[in-house]
Amino acid sequence: MTTIMIVTMIALLLLGFPMMIPLITAAIIGFYMMFNGLGQMDTLIQQMMAGIRPASLIAVPMFILAADIMTRGHSADRLINMVMAFIGHIKGGLAVSTAASCTLFGAVSGSTQATVVAVGSPLRPRMLKAGYSDSFTLALIINASDIAFLIPPSIGMIIYGVISGTSIGELFIAGIGPGLLILLMFSIYCVLYAVIRDVPTEPRTSWPERMKAVYQALWPLGFPVIIIGGIYGGIFSPTEAAAACVLYAIFLEFVVFRSLKASQIYAISKSTGLITAVVFILVAVGNSFSWIISFAQIPQALLEAAGINEAGPTGVLIAICVSFFIACMFVDPIVVILVLTPIFTPAIEATGLDPVLVGILITLQVAIGSATPPFGCDIFTAIAIFKRPYLDVIKGTPPFVLLLILAAALLIMFPQISLFLRDVAFR
Numbered sequence: 001m002t003t004i005m006i007v008t009m010i011a012l013l014l015l016g017f018p019m020m021i022p023l024i025t026a027a028i029i030g031f032y033m034m035f036n037g038l039g040q041m042d043t044l045i046q047q048m049m050a051g052i053r054p055a056s057l058i059a060v061p062m063f064i065l066a067a068d069i070m071t072r073g074h075s076a077d078r079l080i081n082m083v084m085a086f087i088g089h090i091k092g093g094l095a096v097s098t099a100a101s102c103t104l105f106g107a108v109s110g111s112t113q114a115t116v117v118a119v120g121s122p123l124r125p126r127m128l129k130a131g132y133s134d135s136f137t138l139a140l141i142i143n144a145s146d147i148a149f150l151i152p153p154s155i156g157m158i159i160y161g162v163i164s165g166t167s168i169g170e171l172f173i174a175g176i177g178p179g180l181l182i183l184l185m186f187s188i189y190c191v192l193y194a195v196i197r198d199v200p201t202e203p204r205t206s207w208p209e210r211m212k213a214v215y216q217a218l219w220p221l222g223f224p225v226i227i228i229g230g231i232y233g234g235i236f237s238p239t240e241a242a243a244a245c246v247l248y249a250i251f252l253e254f255v256v257f258r259s260l261k262a263s264q265i266y267a268i269s270k271s272t273g274l275i276t277a278v279v280f281i282l283v284a285v286g287n288s289f290s291w292i293i294s295f296a297q298i299p300q301a302l303l304e305a306a307g308i309n310e311a312g313p314t315g316v317l318i319a320i321c322v323s324f325f326i327a328c329m330f331v332d333p334i335v336v337i338l339v340l341t342p343i344f345t346p347a348i349e350a351t352g353l354d355p356v357l358v359g360i361l362i363t364l365q366v367a368i369g370s371a372t373p374p375f376g377c378d379i380f381t382a383i384a385i386f387k388r389p390y391l392d393v394i395k396g397t398p399p400f401v402l403l404l405i406l407a408a409a410l411l412i413m414f415p416q417i418s419l420f421l422r423d424v425a426f427r
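So for the sequence shown, the UniProt record's numbering puts the first residue at 1; every next one is plus one.
In short, the hints are calculated from the structure, not lab data. Cβ atoms here follow ideal geometry from the backbone N, Cα and C, with glycine treated the same way. Heads up, a few of these hints could be off.
[To be verified] Derived DSS-like pairs (lysine-lysine); straight-line CA-CA distance at most 25 Å: (1) LYS129 <-> LYS387; (2) LYS261 <-> LYS91; (3) LYS91 <-> LYS212; (4) LYS387 <-> LYS91.
[Stated by the list, open to error] For each label pair, taking beta carbons as the anchor points, the in silico distance ranges come out as: (5) VAL7 <-> LYS387: 32 to 40 Å; (6) LYS129 <-> LEU391: 46 to 54 Å; (7) PRO122 <-> PRO399: 17 to 25 Å; (8) LYS261 <-> VAL214: 26 to 34 Å.
Please build the complete structure, drawing on both the sequences and the hints.
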């Protein structure tokens, strides 16, 4: 049964069907083989509905809507200008500013693809003009955008939290340390690149100009305060923080900055609705698929065949990292979280691993895979936005991927990088 389901999925993917079709088809085939027919098909439908029933998922369209409003408004530009004002003049400062801007916008949007658009669109021309190669620039943008998956809010963390029953608030706080670690590693690499290539520096900004940039960015900086401060202070749940972000984004862009008009609300809502529909269909279909493989005890059989149950905590973490990394090179990150998390759940419980640490590592691997050839979703976002050939976009990615893999290794060896803030906030 397992072989038939996997072969069916691969065949339909190769034929070009959207990911939801291979998933539901494989689930129906598995259901048919297990129950000798489709007479109890309502059970499968119930599992699909159960997948999108958790209240925590309400945060997903909220964060998507907030990110859409900010991307179309002035928030992203003001954050970028503030970062550039302070570090744009150092060697490699423009590249470091790009990575830092991705981190800041990640703390606002929670979406890697929104970050590619919001940060990449204004900064790529400036980096090219400054003397950075296009391959380095594109690779930096799509890989630094991965930090948005780790810095709260994170749509990937929400999906993992719902599937695994892990606290989304704890996941959000635990993602801050790894996100800042990756920013530091990328910044060091950017400085070394600029020194070796002798890239010219930007003019130094005066202190009055810096203070002006900070003043202009104060309103957008309220987003991480609302999300992190609200959750940490016990004021909001993650879902309530998402709703507060939407209200704040509307107030900012429509009232304070007046960058958007009421006539644009329909287009923004339509865009958010389309993205949300795709995400929720994937979640529903993925939950039915996960139920089939769990009911058939496929995860236990696979883990036993691979010997992972006897590998110990470190071996399980390595297996998780490798599996998610490879899967996200080919398949949508949300689908990978939905399908693979239940497979590894027995091994995670058996070895007593902290589900928050596991969630952060899974989120990191999903982020890496999103920017890794051949089919990382951020690669195709960059192709669409910057109108560059596939090979040009992926040419400069290997050094960044290696740095991200190193970050994953450091998290496995030193889990407190991720868990320290969580323990301070929730223990």
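Results of checking the hints against the structure:
Pair hint LYS129 plus LYS387 holds up; C-alpha atoms about 17 Å apart against a cutoff of 25 Å. Using a Cα cut-off of 25 Å, the hinted pair LYS261 and LYS91 is violated, with the two alpha carbons roughly 40 Å apart. A C-alpha spacing of about 23 Å is found between LYS91 and LYS212, which places the hinted pair at or below 25 Å, so the restraint holds. Restraint check for LYS387 and LYS91: the C-alpha separation of about 28 Å exceeds 25 Å, so the hint is violated.
Look at VAL7 against LYS387: about 37 Å separates their beta carbons, and that is inside 32 to 40 Å. Checking the proposed 46 to 54 Å range against LYS129 and LEU391 shows it is violated: the Cβ atoms sit about 23 Å from each other. The hint said 17 to 25 Å for the Cβ distance between PRO122 and PRO399, and at roughly 24 Å that hint holds. For LYS261 paired with VAL214, a C-beta distance near 28 Å keeps the hint of 26 to 34 Å intact.
In this structure, the hints that do not hold are numbers 2, 4 and 6, in rising order.
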